[in-house]
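S.K.: Sequence:
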Amino acid sequence: MNISETITDYKKLLPEHQNQYLEQLLAFDRIIFPDTCKQELHNFMHDSDAISVQVVEYFDGVRLIGYNSILILKLNIREKNIFVANSRGSFLPNYQRANKTINSVIKVAVQHSIKHPLLPLWIVVTLMQPKAYALLASCAQNFYPRIDVDTPQDYLEILKLIALRKSDVQKRGEDIYVHPRVIPETALDESIHIHDQANQHIDFFMQHTPDFFDGIGMMCVSKLNTKMLTEAAILSAIERAAS
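Each residue of the sequence shown is one higher than the one before, counting from 1 in my numbering.
For the record, the hints were derived by calculation from the structure and aren't laboratory data. Heads up, none of these hints are tricks.
The calculated DSS-like cross-link candidates involving lysine-lysine, where the alpha carbons are at most 30 Å apart (straight line), are:
#1 LYS12 <-> LYS107
#2 LYS166 <-> LYS74
#3 LYS80 <-> LYS160
For clarity, every value in this text was computed on a predicted model and none was experimentally measured.
Model the full assembly from the supplied sequences, consistent with the hints where possible.
M.R.: Right, here's the structure in full:
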């Protein structure tokens, strides 16, 4: 499978080109997420705290198979500036197991950290699929929340900060935050087969997010550092094997 990618700097597009680009993303979104709301997509792409909005598009030949919109947010916690990478993406069902979403976030985050090495950069993602959570939790030890380990206080503060920025967030434990997302067409299929592939990470996800097939996702956090980059290299190897 020969997958290529392009990166578009959304903030550098002229307003009329941004509108056209949003319509293209919306049309693709609705292939996977039929109930995608245009206003929700617009609000995400135009977050007032975003200093960077990069869209990574993936192609199989000339066919668009997926994309990931990655925001770098400049936020303040305890009177200190931090950066938080947040993302929103869609992939056609046959390409979802390649796990490109988190790797594209890491790539953009690394490029940002090179330009801003003195400020910490966190990565927050909302996961709706048990297998995706299990893969990340098994590869990255500083990926939270996770089974049998309390989320460190600094990680928990970031989760709380991002949770406050979202609507309809539910707290289901000291370090468990979930919120509704648009339901992918593949979610129900995964719920049917998930028990055949259960492990401790899938069990943890299912315990706290049993309603993922109703569009509920678990908020997860990690910090960009040397340890995470090493673990990301492992994830990349898994991605290549899955492609």
